[in-house]
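*Asks:* Using the hints provided, position chains B and C relative to the given structure of chain A.
Residue-level listing of the chains:
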Amino acid sequence: MTRRRPLLIVVILVVLAAGLGSVPTIAQEPPQSCNDPNKQVTLYANEKGPRGRRLGYGRKPHKPRIPGPTIHMTEGDCVQVNLVNDSKEKAGLHFHGVDYTVLSDGTPHNKGCVGPGKSRTYVVSAHRPGARPDGTIDPGSAGYWHYHDHCNGTPHGTDGIRKGLFGGLIVRRAGDPRPDRRPFVVVFNGRTINGRRAPRTPIFKANIGERIEFAVIGHGNLMHTFHLHGHRWADTRNGQLSGVDDMSAVIDNKTLGPADSFGFSVIAGEHVGEGAWMYHCHVQGHSDAGMAGLLVVRGPDGKMSASTKAAVRRWKRIEGGGHH
Amino acid sequence: MTRRRPLLIVVILVVLAAGLGSVPTIAQEPPQSCNDPNKQVTLYANEKGPRGRRLGYGRKPHKPRIPGPTIHMTEGDCVQVNLVNDSKEKAGLHFHGVDYTVLSDGTPHNKGCVGPGKSRTYVVSAHRPGARPDGTIDPGSAGYWHYHDHCNGTPHGTDGIRKGLFGGLIVRRAGDPRPDRRPFVVVFNGRTINGRRAPRTPIFKANIGERIEFAVIGHGNLMHTFHLHGHRWADTRNGQLSGVDDMSAVIDNKTLGPADSFGFSVIAGEHVGEGAWMYHCHVQGHSDAGMAGLLVVRGPDGKMSASTKAAVRRWKRIEGGGHH
Amino acid sequence: MTRRRPLLIVVILVVLAAGLGSVPTIAQEPPQSCNDPNKQVTLYANEKGPRGRRLGYGRKPHKPRIPGPTIHMTEGDCVQVNLVNDSKEKAGLHFHGVDYTVLSDGTPHNKGCVGPGKSRTYVVSAHRPGARPDGTIDPGSAGYWHYHDHCNGTPHGTDGIRKGLFGGLIVRRAGDPRPDRRPFVVVFNGRTINGRRAPRTPIFKANIGERIEFAVIGHGNLMHTFHLHGHRWADTRNGQLSGVDDMSAVIDNKTLGPADSFGFSVIAGEHVGEGAWMYHCHVQGHSDAGMAGLLVVRGPDGKMSASTKAAVRRWKRIEGGGHH
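Residue numbers (our numbering), protein chains in the order written: chain A, 3 to 326; chain B, 3 to 326; chain C, 3 to 326.
Calculated directly from the structure, the hints in this document are not laboratory data.
Be careful, since some hints might not be right.
[Said to hold, decoys possible] Below, computed lysine-lysine pairings styled on PhoX-like, alpha-carbon distance capped at 25 Å:
id: 1; chain 1: C; residue 1: 120; chain 2: B; residue 2: 113
id: 2; chain 1: B; residue 1: 311; chain 2: A; residue 2: 113
id: 3; chain 1: C; residue 1: 318; chain 2: B; residue 2: 92
id: 4; chain 1: B; residue 1: 113; chain 2: C; residue 2: 311
id: 5; chain 1: A; residue 1: 207; chain 2: A; residue 2: 113
id: 6; chain 1: B; residue 1: 113; chain 2: C; residue 2: 318
id: 7; chain 1: A; residue 1: 311; chain 2: C; residue 2: 113
id: 8; chain 1: C; residue 1: 90; chain 2: C; residue 2: 41
id: 9; chain 1: C; residue 1: 120; chain 2: C; residue 2: 207
id: 10; chain 1: C; residue 1: 62; chain 2: C; residue 2: 90
id: 11; chain 1: A; residue 1: 318; chain 2: C; residue 2: 41
id: 12; chain 1: A; residue 1: 113; chain 2: B; residue 2: 62
id: 13; chain 1: C; residue 1: 90; chain 2: A; residue 2: 207
id: 14; chain 1: A; residue 1: 50; chain 2: A; residue 2: 92
id: 15; chain 1: A; residue 1: 90; chain 2: A; residue 2: 50
id: 16; chain 1: A; residue 1: 65; chain 2: A; residue 2: 41
id: 17; chain 1: A; residue 1: 41; chain 2: A; residue 2: 90
id: 18; chain 1: A; residue 1: 207; chain 2: A; residue 2: 92
id: 19; chain 1: B; residue 1: 92; chain 2: B; residue 2: 120
id: 20; chain 1: A; residue 1: 305; chain 2: C; residue 2: 113
id: 21; chain 1: B; residue 1: 120; chain 2: B; residue 2: 65
id: 22; chain 1: B; residue 1: 65; chain 2: A; residue 2: 113
id: 23; chain 1: C; residue 1: 65; chain 2: C; residue 2: 90
id: 24; chain 1: A; residue 1: 62; chain 2: A; residue 2: 50
id: 25; chain 1: C; residue 1: 113; chain 2: A; residue 2: 318
id: 26; chain 1: B; residue 1: 62; chain 2: B; residue 2: 92
id: 27; chain 1: A; residue 1: 92; chain 2: B; residue 2: 207
id: 28; chain 1: B; residue 1: 305; chain 2: A; residue 2: 113
id: 29; chain 1: B; residue 1: 113; chain 2: C; residue 2: 50
id: 30; chain 1: C; residue 1: 50; chain 2: C; residue 2: 62
[To be verified] Facing chain B, according to a computed beta carbon distance under 8 Å, are these residues of chain C, among others:
id: 31; residue: 37
id: 32; residue: 39
id: 33; residue: 40
id: 34; residue: 43
id: 35; residue: 74
id: 36; residue: 205
id: 37; residue: 231
id: 38; residue: 234
id: 39; residue: 251
id: 40; residue: 252
This structure is a prediction, so every number in the text was calculated from the model and none was measured.
Positions of the beta carbon are idealized from the N, C-alpha and C atoms, including for glycine.
Isolated chain A, as found in the complex:
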């Protein structure tokens, strides 16, 4: 009788393997709701200005932000986003990078748009990387992603995006280096940064030696290049190299097309010191039109040196002198 056992074991293993081979790929679908009440976010689609020339997502009614609030997730998280459309026009939410069923795709053909005064819940989740039964890798959801309208004006949300309906979505992997400050989210859209032109663009501030993080997002019709003075990063998932022998490109300038996004963390002032370091679009006509901002690296005590203060003042005066 014992001689029949190996066959039995083989049969069981084959059945198990067949199950492993088909079940995970077919059944893996994000849930339609998240159980954890802490993972609920409410966003309002708000009008900005008297005649709704601008639109922005915000955490509160009548408080639009451009870009909208940054959504933070860790691989394994599920987040339920309740969109309240406080504007007079159609709006919705489409997410990049994360998992969602067609019910949360946020597109007109998937009936994901929200009329004025209405609301809708979108459910997105983030999964960890893993090996598939065929040996290939199922990449995790970690990344510097974003969300935006896909309903307003055209079926692609062109008016919504032009007016400001977009925001950052950062999904972290356990063990990823974490920044010492909130991420600096930079959206290149039209000839603006976060809907503004220099010198009214963001001036990010950090102390020398702190780990700071940029999340860079493109939108609209134009191609851009993002450049940061005095700092460089690896052209990888999170700007980090896996070791000193990693042959990934190290860059300080990157092409950014509409809906492209990338991010990285660097040590503020590493190898270069304190000061007023510019970040800008390197398409010359765009930077001249005001697509530039500052990263101010302060002393370790958080104080800006006199020379840095003077440089910031000069920068504001120069950029305030009118664009080309």
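*Replies:* Below, chains B and C without anything else, positioned relative to chain A:
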């Protein structure tokens, strides 16, 4: 006498190494013909429409296709492509990624063009990766490449490309994951996908859990970004990660300039389920002009659910409503 | 007494580790001068042509070059660049990729510009990669970088760049493969290559089997794609793969936005043989406007074959026939 053997072996190894060091780099040239008759392909450059406003490569006379037939190779292959110019204008073939001598470069200055009614044979081959004698790596030919005209209208084939003379060329490496269906070839050219605008753009169909493959090619004068809803891939040679710790960027949106090409395979509906998932250019004005199509993920039995069918109908109606 | 030693060692290690954790990130600043007199470079900002329509950096007065002289560094180097402004307009130097304090940032707000007839010293340095105390990697400075004006015409140096004030900066890592010839520096700026249009663009020459190196730089307002016939490279820091299993993309065409830069070395004619191989922008209207040049691969003895000579002659005649 036995003590002299090691020296002899060293001498032989040195001679061999010297040979390896010089011969391969200088003598490695693709052949002028392929011996295997199975590796012969005939393409016709055909006119489409009454006044030749469109041109396309096809496997048969008077049957132009835009894009032309996808050419498949595996590293180690040699393919002989016989071009029959059935059109009333000059045409040729220029290949990206693979090996060919100047005789198969397909350019005017290398006398690679074909007059109306004439034909010409182009020979291309694909090599495996290897280590060079100096320790650097000779990359293999595997990749998502393409071929196009380099003769029509201008010495760069600008009219030929505008009219439709291009096609995909996929070179596989032994062991690469293989798709369960024929690759979905997507050419962004002008404001069209494969020469068409939505809703007449390709609607790709797959069953949930199948491995499907996209080959994405840019052409013309414009910059684009390719976006696929609900699916993401690694920004590597074939869209795969080498392991769960691979730090390559994972993306769902990628800038695509003229003659850029990339490809990837994903599991249809993995983590997101069945439905009508859009792919489109994310330059807003381009998607609004009709640069969008669908990836329809059906049930495991190959049947489209009622809600997916309804979404496809809605999409056709929305996209058929006129472009901006 | 011997029993207290382990504690003492632990205390010392903790103190050392604390020191390692804070000191390097805060104190790492490039020097304000380089001690080694061999690491001093003088560049002149020169006018070209009768009315200063062109500007170029040169090693000598009145000898502008477009692009300017290629600056070579190895990780660990410090270089002092003395800029003498021989032109009638403001000029400066801004470097990509390397380390410098705000004093050498070369921007107006950091007071880095040089008036006509004046001079200024910029100090840049290049560091080796290393591990930070938190386990992340500090990438080295090796890369295909560039320098350009950030002062002329606008605060972003738009006129200076348009007129020709830019050059290549190559930082090598110990052990990187070295080319057998001087690098081929290619700047795509406007619809020109190195300020010229075909057939007056560079014709690079190499013997078959030699390792040759391209450094490719974008500038201005336009997006381009760089394509090289018959040769391909890995999309990594220096175009090399780390092994035959490296899954980095291998390409022969790459999008190049303003201030993007990349480089690679290849074996001339490897797998394809001798001949006149084109490199060009693959944006069709740009190549038709003259953004094309040649890489001429000669025989191992440095002699051009008769057929290669004929192809070069044909290319010059074709490209000289007027652009579109």
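*Asks:* If a hint holds in the structure, say so; if it does not, say that too.
*Replies:* A quick look at each hint next to the structure:
1. C:120 with B:113: With Cα atoms ~53 Å apart, residue 120 of chain C and residue 113 of chain B exceed 25 Å; violated.
2. B:311 with A:113: holds, 13 Å
3. C:318 with B:92: Since the Cα atoms of residue 318 of chain C and residue 92 of chain B sit roughly 20 Å apart, the hinted pair holds (cutoff 25 Å).
4. B:113 with C:311: Cα-Cα ~13 Å, so holds.
5. A:207 with A:113: With Cα atoms ~42 Å apart, residue 207 of chain A and residue 113 of chain A exceed 25 Å; violated.
6. B:113 with C:318: Since the Cα atoms of residue 113 of chain B and residue 318 of chain C sit roughly 14 Å apart, the hinted pair holds (cutoff 25 Å).
7. A:311 with C:113: Answer holds: residue 311 of chain A to residue 113 of chain C is near 13 Å, not above 25 Å.
8. C:90 with C:41: Given pair residue 90 of chain C, residue 41 of chain C is violated - Cα atoms ~28 Å apart, limit 25 Å.
9. C:120 with C:207: violated, 38 Å
10. C:62 with C:90: With Cα atoms ~16 Å apart, residue 62 of chain C and residue 90 of chain C stay inside 25 Å; holds.
11. A:318 with C:41: Distance of about 36 Å is beyond 25 Å: violated.
12. A:113 with B:62: Violated. Residue 113 of chain A to residue 62 of chain B sits at ~43 Å, over the 25 Å cutoff.
13. C:90 with A:207: violated, 37 Å
14. A:50 with A:92: At roughly 15 Å apart (the allowed maximum being 25 Å), residue 92 of chain A and residue 50 of chain A satisfy the hint.
15. A:90 with A:50: holds, 11 Å
16. A:65 with A:41: holds, 22 Å
17. A:41 with A:90: Distance ~28 Å between residue 41 of chain A and residue 90 of chain A Cα, so the pair is violated.
18. A:207 with A:92: violated, 36 Å
19. B:92 with B:120: holds, 9 Å
20. A:305 with C:113: holds, 21 Å
21. B:120 with B:65: Answer holds: residue 120 of chain B to residue 65 of chain B is near 17 Å, not above 25 Å.
22. B:65 with A:113: Since the Cα atoms of residue 65 of chain B and residue 113 of chain A sit roughly 39 Å apart, the hinted pair is violated (cutoff 25 Å).
23. C:65 with C:90: holds, 15 Å
24. A:62 with A:50: This hinted pair holds, its Cα atoms lying about 13 Å apart.
25. C:113 with A:318: Holds, at roughly 14 Å.
26. B:62 with B:92: holds, 18 Å
27. A:92 with B:207: violated, 30 Å
28. B:305 with A:113: holds, 21 Å
29. B:113 with C:50: violated, 38 Å
30. C:50 with C:62: Roughly 13 Å separates the two Cα atoms, so the pair holds.
31. 37: violated, 34 Å
32. 39: Violated, about 34 Å.
33. 40: Constraint on residue 40 of chain C not satisfied, violated at 28 Å.
34. 43: Because about 30 Å separates residue 43 of chain C from the closest Cβ in chain B, which is outside the 8 Å limit, the hint is violated.
35. 74: With Cβ-Cβ at 20 Å, over 8 Å, it is violated.
36. 205: Violated. Min distance 12 Å.
37. 231: Hint on residue 231 of chain C: holds, closest Cβ of chain B at ~6 Å, below 8 Å.
38. 234: holds, 6 Å
39. 251: Holds: closest Cβ of chain B sits about 5 Å from residue 251 of chain C, inside 8 Å.
40. 252: Since chain B brings a Cβ to about 4 Å from residue 252 of chain C, closer than 8 Å, the hint holds.
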